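Chemist: The primary structure of each chain is shown beneath.
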Amino acid sequence: MLLNIKDLRVKFKLDSAEVEVVRGIDLQIPKGGTTALVGESGSGKSVTAMSILRLLDKVAPVETSGRIELNGRNLLELSDNKIREVRGNRIAMIFQEPMTSLNPVYNIGSQLLEPLIIHRHFTVPQARREAINLLERCGLQEAEKRMGHYPHQLSGGQRQRVMIAMSLACRPDLLIADEPTTALDVTIQAQIIQLILDLQAEFKMAVLLITHDLAMVHEIAQTVYIMHHGHLVESGPAQEVFHHPRTAYARSLLDSAPHGEPPEMTATNEPLIEIKDLRVEFAQPGSWFKAREWLTAVDGVSLQIKQGSTLGLVGESGSGKSTLGFAILRLLASRGEIDYKGIKLNKCGARRLRALRRELQIVFQDPFSSLSPRLTVGRIISEGLRVHFPELRKDELKERVEKALDEVGLDGAMAQRYPHEFSGGQRQRIAIARAIILQPRFLILDEPTSALDMTIQAQIIDLLCYIQRRYKMTYLFISHDLRVVRALANELAVMKDGKIIESGTAKEVFENPQAAYTKELFKAAFAF
Amino acid sequence: MATPDDKPGRRRWRQFKNNKLGYYSLIIFSIIFITSLFAELISNNKPLIMSYQGQLYFPVFKTYPETTFGGDFQTEADYRDPYILKKITTKGNWTIFPPNPYSYDSIDMNLNVPLPSPPTRRHLLGTDDQGRDVLARVIYGFRLSVLFGFALTIIGTAIGILAGAVMGYFGGLTDLLGQRFIEIWGSMPELYLLIIFSAIFKPSITLLIILLSMFGWMGLSDYVRAEFLKGRNMDYITAARALGVGNGAIMFRHLLPNGMTPVITFLPFRMSGAILALTSLDFLGLGVPPPTPSLGELLAQGKNNIEAWWLSAGSVVVLVGTLVLLIFIGEALREAFDPRNQEA
Chain A
1 MLLNIKDLRV
11 KFKLDSAEVE
21 VVRGIDLQIP
31 KGGTTALVGE
41 SGSGKSVTAM
51 SILRLLDKVA
61 PVETSGRIEL
71 NGRNLLELSD
81 NKIREVRGNR
91 IAMIFQEPMT
101 SLNPVYNIGS
111 QLLEPLIIHR
121 HFTVPQARRE
131 AINLLERCGL
141 QEAEKRMGHY
151 PHQLSGGQRQ
161 RVMIAMSLAC
171 RPDLLIADEP
181 TTALDVTIQA
191 QIIQLILDLQ
201 AEFKMAVLLI
211 THDLAMVHEI
221 AQTVYIMHHG
231 HLVESGPAQE
241 VFHHPRTAYA
251 RSLLDSAPHG
261 EPPEMTATNE
271 PLIEIKDLRV
281 EFAQPGSWFK
291 AREWLTAVDG
301 VSLQIKQGST
311 LGLVGESGSG
321 KSTLGFAILR
331 LLASRGEIDY
341 KGIKLNKCGA
351 RRLRALRREL
361 QIVFQDPFSS
371 LSPRLTVGRI
381 ISEGLRVHFP
391 ELRKDELKER
401 VEKALDEVGL
411 DGAMAQRYPH
421 EFSGGQRQRI
431 AIARAIILQP
441 RFLILDEPTS
451 ALDMTIQAQI
461 IDLLCYIQRR
471 YKMTYLFISH
481 DLRVVRALAN
491 ELAVMKDGKI
501 IESGTAKEVF
511 ENPQAAYTKE
521 LFKAAFAF
Chain B
1 MATPDDKPGR
11 RRWRQFKNNK
21 LGYYSLIIFS
31 IIFITSLFAE
41 LISNNKPLIM
51 SYQGQLYFPV
61 FKTYPETTFG
71 GDFQTEADYR
81 DPYILKKITT
91 KGNWTIFPPN
101 PYSYDSIDMN
111 LNVPLPSPPT
121 RRHLLGTDDQ
131 GRDVLARVIY
141 GFRLSVLFGF
151 ALTIIGTAIG
161 ILAGAVMGYF
171 GGLTDLLGQR
181 FIEIWGSMPE
191 LYLLIIFSAI
201 FKPSITLLII
211 LLSMFGWMGL
221 SDYVRAEFLK
231 GRNMDYITAA
241 RALGVGNGAI
251 MFRHLLPNGM
261 TPVITFLPFR
271 MSGAILALTS
281 LDFLGLGVPP
291 PTPSLGELLA
301 QGKNNIEAWW
311 LSAGSVVVLV
321 GTLVLLIFIG
331 EALREAFDPR
341 NQEA
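These protein sequence lines are chains A and B, in that order. Under our numbering, the first residue of the first sequence is numbered 1, with each subsequent residue one higher. Under our numbering, the first residue of the second sequence is numbered 1, with each subsequent residue one higher.
So that you can see chain A by itself, here it is in the shape it has in the complex (with noise of 0.2 angstroms):
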């Protein structure tokens, strides 16, 4: 065993009380497999990585117990000196957000040649061979000259990348992953993912990969944890925790996975919204004496919703799906013909608009930054009905309130609370509950789920296929998750670079795509 994790303990202390957020795990990590530990967010399973490396200490109030043996010495009972020599060099780690792990104000060079001069004692010009060679093996191209570019010159994959080939500069034995590919595309995830494995290969090392997403570690893991508010829940080969679970949490795990087929449209052929050759631009900050340059978000558009559907909007980040939605509700300025229910909707005054609201809404990817901190539930739901029914007296609005809580889910008694006493989850359906409010007729949802737990993923898809079957809406489905939208949509937009790549029932494209870019799209995110 390479590392040997024994009855390990985190509290975290707070003023007012201690918090135990790792409650006794043990784990065995064998020298050059995959081991992967699955939880959902808050089970404490980065805990539980940081800890090994004792990256907690003197940031946080932390208190540890147990033992964490690495080749048989405890790294517990290690001094600040000794710790800091095994890491980086005996276990290395790469994180969730690659933009934050690494220091925008050093050159990609420099932050490379740190640990090889450090722990492997290389004179400068052997270092800068050897980050070169890293960084090749790594899949950067161009290696050399990216040596003097700063992270932010760099997109999310490239950064990974130069995440990856640092922390293998010392050929640690083990390294942990946290999330490493969370924060990206999914084709990009593929390829991190298949170019962690080859390094394994070649480095013989023990990899510890941390995720929520059950479906890439049933491809790359052999041994598997599940952990869960702290305690290891299931563990096992992979191919026996996947296919004979023991557990009620592990099941539910494994069965949360979007899947089934969309409500069959109960619509008409009729389009509720008609797009027509729309534009995004924005100004790129110029100088003052230089024409303005302009970057095109959304080029040329045309799209046709049909009332009572799904339509499914997917794309990778930066393909423009997002401002899209936010150019059709008038959020953002565009060119361009949106036509609503024959109101053009591009030439309305902002009266005749504000009115029309009500029937528009929209339902954002983060509940955390999507509802304000300092008003109550009750008062976030009922802004749109004080708007919009100025007549409803306090106590109307309050039966209101406490319906459309009870419609998403909620206890009607929460409309006193503040968001931040809820879950990710619950604020979600706060969030639905503050759009259906109005009985809007169009709703976009714009990554509605991506920032929520698998299992909590799987009810928030619930609750929306409920509330279009019974309110009759018509959604947009903006997303970058092919498998949520599969289980969603009807009909289906691939958007590339600001146009629409593809489109047409969601059954056709999926099962016959037509556009080289569509068919990779797919292989990537169905890969694992």
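Any given hint could be a false lead.
Reference listing, derived: stretches of chain A covered by chain B, where coverage requires no fewer than 3 residues with Cβ under 8 angstroms from a Cβ of chain B [to be verified]:
| no. | segment |
| --- | --- |
| 1 | 358 to 366 |
| 2 | 382 to 395 |
As a list, the in silico DSS-like pairs of lysine-lysine whose alpha-carbon atoms are at most 27 angstroms apart [stated by the list, open to error]:
| no. | chain 1 | residue 1 | chain 2 | residue 2 |
| --- | --- | --- | --- | --- |
| 3 | A | K276 | A | K472 |
| 4 | A | K344 | A | K472 |
| 5 | A | K472 | A | K507 |
| 6 | B | K20 | A | K13 |
| 7 | B | K17 | A | K13 |
| 8 | A | K496 | A | K344 |
Ranges of calculated distance between the beta carbons of each label pair, as one might list FRET restraints [as the list claims (entries may be wrong)]:
| no. | chain 1 | residue 1 | chain 2 | residue 2 | range |
| --- | --- | --- | --- | --- | --- |
| 9 | A | G300 | B | L162 | 39 to 49 angstroms |
| 10 | B | F150 | A | R279 | 50 to 60 angstroms |
| 11 | B | D338 | A | R335 | 26 to 36 angstroms |
Source of the hints: derived by calculation from the structure; they are not laboratory data. These numbers were taken from a predicted model, which means no experiment stands behind them. Glycine included, every Cβ here is placed at the ideal spot set by N, Cα and C.
Got chain A; can you put chain B on it based on the hints?
Modeler: The following block gives chain B in isolation, referenced to the frame of chain A:
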């Protein structure tokens, strides 16, 4: 799950109370300030209550001509005049004076020492160079300074929030023009303007408040502008726009509560700044007109009569005390609003 009373506001208040220094400073400051609001009952040359020929009089609250008490003039009675004093305290008449029987502008005519006179039993902090009681002037001066500070802070904060909100929320050209205006406005020499205006207009507290507010809002508007610039791109603002909420409501109902942190944190510091501004203007003779009680004017007298230590001592102690209390309160507020200092 948190309890329903766990509003952000309550949590901040708990955190504020945790800072003992700031919390007790707030209590002490409030007590002193509220007491000073009743300065007329503490330090006044008019009796609180008196009985003259079997009838009760309340001179603090009502003006009586001297003739009421057997004097010769139709003007208001001077109760410290030995002639009147004798009439109202003998022959079964009685009078209760406030603890310090002088007002800020009452001149003690019966001193037979050169002015300014040092502290005695009669004048606990001595008198100034016109024979006015220093203690009385310090009490009234404190009240005026704090009230002035409140007024200036409230007006400056209101203008600052409004200007910052408009610039930050609308951004673009509005922001550009607003910022250039602030740069030009901010480079005007405030002191010269004060000198010029005090030559044109009759100096008064109103004029001072107007002039100082015209310049006092800029620092705060920058912070509010930054908060609004940051906040206007948040999803919950977009959500409010999607609901059809008007600009004004978005600014003041959705954005402002989330951008209040710098505003509240700066309040005590702005107040101490305002008090200091008034004191320095008074010291330079550009402030409130005589005989308004003012700490700065007392300091100026202290400078002119350097051997009369009691003149400066009183105002220095009050001024330093007030500013220190306000700064402690401000520190505690800042700590309570520090996002890094949040209970989980």
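Chemist: So, for every hint listed, does it hold in this structure?
Modeler: So, going through the hints one by one against the coordinates:
no.: 1; hint: 358 to 366; verdict: holds (count 7)
no.: 2; hint: 382 to 395; verdict: holds (count 4)
no.: 3; hint: K276/A - K472/A; verdict: 25 angstroms, holds
no.: 4; hint: K344/A - K472/A; verdict: 23 angstroms, holds
no.: 5; hint: K472/A - K507/A; verdict: 21 angstroms, holds
no.: 6; hint: K20/B - K13/A; verdict: 22 angstroms, holds
no.: 7; hint: K17/B - K13/A; verdict: 21 angstroms, holds
no.: 8; hint: K496/A - K344/A; verdict: 26 angstroms, holds
no.: 9; hint: G300/A - L162/B: 39 to 49 angstroms; verdict: 42 angstroms, holds
no.: 10; hint: F150/B - R279/A: 50 to 60 angstroms; verdict: 54 angstroms, holds
no.: 11; hint: D338/B - R335/A: 26 to 36 angstroms; verdict: 45 angstroms, violated
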